[in-house]
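Listed below are the residues making up each chain.
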Amino acid sequence: MNPGFSEWMEGTGPESDIVLSSRVRLARNVKGVPFPHRMNDEQGRRLLDSVESAVNAMEPGWQVHFRRLQDMAPLERQVLMEKHMVSPLLVQNPIRYEGVALDQRESISIMVNEEDHLRVQVLLPGLQVEQAWQVANKLDDVLEQHLDYAYDETSGYLTAWPTNLGTGMRASVMLHLPALVITRQASQVFTTLAQLGIVVRGLYGEGSEALGNIFQISNQVSLGLTEDELVHNLSVVVQQIVGRERSAREHLKSNAELVMADRVGRSWGILTNARILTSDEALRLLSDVKLGVDLGLIEEPLPYTFPQLTLMTRPSFLQMEAGRELSASERDIIRARTLRTHLLGQH
Amino acid sequence: MSEQETQMCQRCGQRAAHVHFSRVVNGEKSDRFLCEDCAREEGAFHFMLGPQFTVQHVLGGLIGNGPQMANRETQAAFEHSCPHCGYTYRKFAESGRLGCDRCYEAFQNELNPLILRLHGRVQHRGKLPQRGAHDLSVRRELDSLRERMSEAIKREAFEEAAEIRDQIRRIEGGQAE
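Here the protein sequences come in this chain order: H and E.
The first sequence: position 73 = 73 (our numbering), numbered continuously.
The second sequence: position 143 = 143 (our numbering), numbered continuously.
The set of hints was computed from the structure by calculation and includes no laboratory data.
One thing to keep in mind: the hints can contain errors.
To be verified - Using 27 Å as the maximum straight-line C-alpha spacing, the simulated DSSO-like pairs for lysine-lysine come out as follows:
| no. | chain 1 | residue 1 | chain 2 | residue 2 |
| --- | --- | --- | --- | --- |
| 1 | E | K154 | E | K91 |
| 2 | E | K91 | H | K138 |
| 3 | H | K138 | H | K253 |
| 4 | H | K138 | E | K154 |
To be verified - Anything over 10 Å on all C-beta distances counts as not near chain E; from chain H, calculated:
| no. | residue |
| --- | --- |
| 5 | K31 |
| 6 | P34 |
| 7 | N137 |
| 8 | E144 |
| 9 | Q145 |
| 10 | L158 |
| 11 | W161 |
| 12 | R184 |
| 13 | V221 |
| 14 | G224 |
| 15 | V237 |
| 16 | N255 |
| 17 | D262 |
| 18 | N273 |
| 19 | D280 |
| 20 | R340 |
Think of the CB as a built atom: it goes at the ideal place given N, C-alpha and C, for glycine as much as any other residue.
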């Protein structure tokens, strides 16, 4: 199997045992052109063309390639979504004038005609929100040489949703917080975060569930603070959550080691023996196994990182690997086989 | 909204109640008649943000059903449309999204309180496009022309408005080069 993982999934970067990835997204629009939901065909086509030219004019060092979503197979689009390179919204039907520019490492993605004309995104492993902002900032400067952005001195960058107004920035991190969930502290932590203008979402963003104890945490406010302040604030908050998760893990290890070892061992047993696994169950078990490795209850290091294993449970990724469409029950069988053989190093 | 002239605010008892404020807490609905100030202070816009309940999801409802919008005068704002793209404020209230970048200007009065509630601030302090700094004076000129144009439209002086529109187009065309 050629796994086709993104570089950010390699599990490097600060605090990468808990912080799976850091992401900065900038919403940008072109002056005088209706937002994507209001565009006619001509406007959509011209916008897509102008971003394509801007991307093609970038220096080769960026290694960014432009694709029209119409030219991509539905499965390929879905896999990009499962890899967090594009939003669920971008790959929804009907596809008209959407595009995406990706770099080879799958760290950069520029979505075209999603909710805004452009959504410039940088994804890095571990806790690197500031670094992601620096890259996104440079990328934005390069694109701006070719595109006339809509902005206003008072309101900043003008976006389709007033919730993104100003910096147009959403900085977010993906966190694995099993110990906070097990010790029932998660909801209290998230309530506090909401009061601080920090939003908590599930694995695939808005409206998705926190499967596998994976949470996305991002800034809600985008106006009135500088980008540096926004990423710094998020970074500080994340460090505190990481601290809470670590002490919850310590607590589990010193007060409930046997119970945890039992739980982790059972999950490992199912993952390496089951013949049918739904994606929800697989994520839940993987979360346990990952915690087991982090707590030292599983001594062998896993042959794949947690983000890589998570991707292996996703429906479209499995179908891509199988090279054909699979029914839900076929997927459950292939998912079980894929995880079993990869975890046991038998592939 | 109460139709009775004598209805006073049930919170302060000082001012006339212009706002019918319904709140549903744990399935129990309470109705109160408040003045605008009290309605605002009652915190009609405090939401818990969960995965299924984000600002973007409730934005449409927030704009459409908030105490401000229950006010008779501001109902008229719903029919207000953006001169650039024709999008109405009503559509914004329903969808939470604007039609184009110029909508911000067109709906400035209605949007400013909303932006303040969403972000706690109205003045951008972050990055601005690098090239943007050059055309500040051009933009200011365009701003005043647009203002004059909508005034002319209000006065039904359409010929004058068309002249100003052409002037705006000339400046915008020159700017694009």
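Now the hints, each set against the structure:
no., hint, result
1, E:K154 to E:K91, "holds, 21 Å"
2, E:K91 to H:K138, "violated, 36 Å"
3, H:K138 to H:K253, "violated, 44 Å"
4, H:K138 to E:K154, "violated, 44 Å"
5, K31, "violated, 6 Å"
6, P34, "violated, 4 Å"
7, N137, "violated, 7 Å"
8, E144, "violated, 5 Å"
9, Q145, "violated, 8 Å"
10, L158, "violated, 4 Å"
11, W161, "violated, 6 Å"
12, R184, "holds, 17 Å"
13, V221, "violated, 5 Å"
14, G224, "violated, 3 Å"
15, V237, "holds, 14 Å"
16, N255, "holds, 30 Å"
17, D262, "holds, 30 Å"
18, N273, "holds, 32 Å"
19, D280, "holds, 15 Å"
20, R340, "holds, 31 Å"
The structure does not agree with the numbered hints 2, 3, 4, 5, 6, 7, 8, 9, 10, 11, 13, 14 stated previously, though it agrees with the rest.
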